[in-house]
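Enquirer: For reference, the chains in residue letters:
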Amino acid sequence: MTVSSYFLPRSLPEALEILQRHGPDLLVMAGGTVAMPLINEGLSMPGAVMGLRRAGLDRIERTDGALRIGATATLTQLLDQDAIPVLREAARTTGSWAIRNMATVGGNLFTPPPGGDVAVALLALDASVILAGPTGERALPLADFFTGFLTNQLAPDELLVELRVPMTSDPAAWVKFGRKHANTPAVVTVAARLRWSGDKIADARIALGAVGPHPIRARQAEQRLVGTRLGPDAIAAAAAVATEDCEPFTDAIATDWYRRRMVAIFVGRVLEQLAPRAEPEGR
Amino acid sequence: MNLSGSRTLDAPREAVFAAICDPATLLAVIPGCRAIERTSETEYRGEIALRLPGIVGTYRTVVRMADADPPGYGRLEGEVVGSLGSIHGHASFRLTDADGRTTVDYDGQAVIGGPLARLDSRFIEGLAGSLIGQGLGNLNTRLQRHPPAGASGDQSPTIKETPA
Amino acid sequence: MSARLNVVGQSVARSDGIGHVTGRTQYTTDRTFPGMLHLKMARSPLHHARIKGIDLSEAERVPGFVRALTAKDVPHNRYTILGLIGVEPEEEFVLAEDRVRFKGEAIVAIVAETEEAAFEAVSKVRLDLEELPAVFDVEEALKPGAPIVTHWGNNTFMYEGHPCRRVRLGDVERAFGQADHIIEGVYNTSPIEHAPTETTGCIAVPEANGRYAVYTNTQALYFSLDNTAIILQVPGSRLHFIGGTVGGGFGGKVDVIVEPIATLAAMKTNRPVKFSYSRSEEMQVSSTRSAWRIYLKDGVTSDGRLIARKVTSYADSGAYSRQTPYALTKHAANAAGPYNIPNVSIDAYCVFTNRPPTSAMRGFGITMASFALEVQMDKIAERVGVDPWTIRFLNAYRNGDMKPHRKLAEDATLIETMQAAATLVGHELPDEFKAMTSAPRAGSHVEGR
Amino acid sequence: MASTIVTFEFGEREVEVMVRPMTTLQIVLREQLGATATKDGCRQGGCGSCIVLVDGEPVMSCLLPVEDIAGRRVTTLETITPAEGLHPIQQAFLDSYAFQCGYCTPGMVMTSKALLDHHPDPSGDDIGEALAGNVCRCTGYRPIIRAIGVAAEALRESDGEQPR
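Protein chains in written order, with our numbering: chain A, 1 to 283; chain B, 1 to 164; chain C, 1 to 449; chain D, 1 to 164.
FYI, nobody ran anything at the bench for these hints, they're computed from the structure. Worth double-checking, as some hints may not be accurate.
Unchecked claim - What follows is a set of in silico ranges between Cβ atoms, one per label pair, in the way DEER data are often shown:
id, chain 1, residue 1, chain 2, residue 2, range
1, B, Gly5, C, Arg168, 26 to 34 Å
2, A, Val226, B, Arg7, 28 to 36 Å
3, C, Gly145, A, Gly23, 50 to 58 Å
Said to hold, decoys possible - EDC-like, lysine to aspartate or glutamate: derived pairs with alpha carbons at most 20 Å apart:
id, chain 1, residue 1, chain 2, residue 2
4, C, Lys379, C, Glu184
5, C, Lys379, C, Glu410
6, C, Lys52, C, Glu130
7, A, Lys200, A, Glu272
8, C, Lys297, C, Glu90
9, A, Lys180, D, Glu14
10, C, Lys72, C, Asp98
11, A, Lys180, C, Glu193
12, C, Lys72, C, Glu90
13, C, Lys268, C, Glu90
14, C, Lys52, C, Glu97
15, A, Lys180, D, Glu84
16, C, Lys52, B, Glu79
17, A, Lys180, D, Asp126
What the hints assert, rightly or not - Partial pick of chain C residues on the chain A-facing surface, computed with a CB cut under 10 Å:
id, residue
18, Glu91
19, Glu116
20, Ala117
21, Glu120
Fair warning: this is a prediction, and the values are worked out from it, not measured in the lab. Idealized CB from N, CA, C, for every residue including glycine.
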């Protein structure tokens, strides 16, 4: 179907109003790196599209102990911020330069695996999503946002407007393993953040990408770390159990067999980066 | 495309079977379902709107209960047609009693046509699995909340409902 | 060689260089023509299916739809690309008739005013297909009871009545009995997509004089012209093919796929028609390098001489021949490698499966054999206990050696090439190999040594 | 299907185009402005042969509705090519044989331009990272990387007097 209307709202209220008016048949697009390839191939034929590039949702600011990332802030903007270094690293290893200039942080949540790398880092950081609808805004932990493969908690009359990331001094680390060094889909991505209490881990977050229907937490692995000193045995145990936390798939990039094994390897490597003998990456 | 799965619901078999035949329940539990109509004893027609990353669309569906042995077995045939192509298929489900709860085992095959067929089958299968999971989850919530009064199902010949 | 060389050994400016760095080089789809229509293809969603019906009624109602082409519109719908060099039978369809044999096979061509309208009309083509069992592995395809892909009852290309190309020299079985070592190996390679940056495409333009100008990025201009003339049953003089500028080909643009149907559409509409693959068509539908499976069994003496080699190889041609029967013949002639082996037996099969057709790609038929053979040579060296250089010098062709397919080796240079390579990598060869040449052996070109 | 008029700066001149909704910058450049140096390799943001600069930053023009960049400045290979001679980056690509079929060259040159505008003296890693979105299927990347080094040196020596 030839697109008959393309809306470019200049504000959030205007965007919400267009969404109410057109309902679920309106395709909402931000950077275009997910939707445009489908449209260009004739795989998506929307009648009406709303582009959010000019809706004023692209600011990144640090307030109230949180980094507030507008949903349409680009990955280049995320790479340019220095409040949360692990997010820089996640942005740096996603897409190519021209793609990062277009792709948005909010859009990254909707990128089907093996994409969606930035969302993996956000998950490890306990980010929240802010969803705006006709009756106002609601906040939801990112961990609760995903409901299945390509499905999520966003209601038909809502827009994702912001990612809110608590500022923390917890050390965090990030690894993306792909078939190439850059501009590559992931075999697996791993983000981890640890809270220490003295010389023991009080709380842990391990998020995995490209090994499930959406970015997932490796909850058993997280549990296994709590109370340990993150010695080699604890790392090995957590890495081993992380393979049970994931539900890898086979695609052109890797088989499920290989992905599962790489989960163990790269969870291990991320945790080694955070182990006490290394300089903690504390922020 | 092959799809199969299993899930246990918190209601007896009779209630589950009745719910599966009830348009009002189907409207409430099928993700994105905007309208459903029971056009005969065995046929349902509906409209499902799906809002996926990069792809939005409305799909017309026709489903027939081709064979049924309440409350334990049913076989559905049908098609889903939209701007992105079509899915023709059939699925059978078996309801087994599990101490007053019900285990639903389903198994289906579908042929995908049109642009949808060009997508990686992982996407269609993953999405279908995800939607079925969501639908059964919704059904379970609804069964817990509103246990159906009778076990015989909705006998009204044709009802049409649209979402409020 | 005393004459002064003006080009050899010099850096010469490329004639197309300025065009490339300024972007002024005109590639096929950089052209546009008034009234140009767009062609998109409705393709099989299944690997193997019987076509029971095609319903175009909804597609025809799409605004901008101009016309649809099906098999019955194509004057000579069943063809084979290598028919031009006498290869038989004709077995591929410009548009599928009663059966589709691979996922992505062309069934209905839609011509529309815009690309969007063409895409939409394609999405509304209703195909009634009955799925058939499919086969994706060369050896599975040869088993009794396998789904039959071709129209002649088995899944191999027939070479003079045989299901494989056979090459025989000496008596391998007897030689295996005399060998000190028997070394076996099986080697698999995957299909490779050429993935040219510019996708396959053409624009067919009716000219005032009744001819059709076809701007194309084919790598084989006259090959495409001749096949198009056969398919459309028109004299070649009515076709004016313009090409030569190709945005990457690597063998992937020698099949005659877009030109016949675009030209037919231009004939039927009397308007320019563009048919350019989308990226996903290029990746999923265009031919690839064949996947190969190669079994080697070698008999070797304790001093490292190869006295017998048995090769059984399978090329996965996909659903249709394209250039693979030819690749296989080249393969069979070279499958024993550049080595002097007195007893050789080669059975090489061109096998049809329900994968996309496979075709030319840089050294096709040979490259994969070289991979298998050279890994095998290293294995032999290891087993015999000599280094990889030695095993190759010991067995290398020299002029006058008899090749398995009964041609005498001429202009052999393997020995000299290896000597040069050793020098370049700083490997010190033993004196006997330094002194070796490709000059004929004493009393050569007899079978055996 | 109402067309709209979009105005943007194309190099030094302002252009006004009438487009159907969602027409990409790539299509506008190639089909309406005849500026076919911007190539069409995948329309997926994957090959980089359509890269142009918008306000000096590289973007995939195949993924960008032209309405989104109304009023902004678009730089393509045409707009950096001097009336006579070549831009130093073009000259370096020519002299270094940094192309084979030439189809990726416009995108390569535009990415190089953005890179050298940001980093007049890029390291090998900088170049590699910048080119990660530009696919060359024939030549390989070494002559291209070499050309960028040569161009960087030429631009530094000319001390900013070259056309930008």
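Enquirer: Quick one, are Lys379 of chain C and Glu184 of chain C close enough, alpha carbons at most 20 Å?
Expert: Given that 20 Å is the threshold and the Cα spacing comes to 9 Å, the pair holds.
Enquirer: Are Lys297 of chain C and Glu90 of chain C close enough, with their CA atoms no more than 20 Å apart?
Expert: 35 Å, violated
Enquirer: Has the given pair, Lys52 of chain C with Glu97 of chain C, been kept, meaning a C-alpha gap of at most 20 Å?
Expert: With a Cα-Cα distance of about 10 Å, the restraint between Lys52 of chain C and Glu97 of chain C holds, given a limit of 20 Å.
Enquirer: Can you confirm whether the C-alpha distance between Lys180 of chain A and Glu14 of chain D stays at or below 20 Å?
Expert: 40 Å, violated
Enquirer: Mind checking the alpha carbons of Lys72 of chain C and Glu90 of chain C for me, to see if they're no more than 20 Å apart?
Expert: 17 Å, holds
Enquirer: Given the proposed pairing of Lys72 of chain C with Asp98 of chain C, does the C-alpha separation stay at or below 20 Å?
Expert: 11 Å, holds
Enquirer: Tell me if the beta carbons of Gly5 of chain B and Arg168 of chain C are separated by a distance inside 26 to 34 Å.
Expert: This hint is violated: roughly 56 Å between Cβ atoms.
Enquirer: Look at the Cβ atoms of Val226 of chain A and Arg7 of chain B and judge whether their distance stays inside 28 to 36 Å.
Expert: 31 Å, holds
Enquirer: Given the hinted pair Lys52 of chain C and Glu130 of chain C, is their alpha-carbon gap at most 20 Å?
Expert: 7 Å, holds
Enquirer: Per the CB criterion, is Glu91 of chain C less than 10 Å away from chain A?
Expert: Violated, about 30 Å.
Enquirer: So if I understand the rule, the pair passes when the alpha-carbon distance is 20 Å or less; does Lys180 of chain A with Glu84 of chain D pass?
Expert: 40 Å, violated
Enquirer: Hint check: Lys268 of chain C vs Glu90 of chain C, CA-CA at most 20 Å. Holds or violated?
Expert: The hint is violated at about 25 Å.
Violated hints, listed in ascending order, are 1, 5, 8, 9, 13, 15, 18; each of the other numbered hints is respected by the structure.
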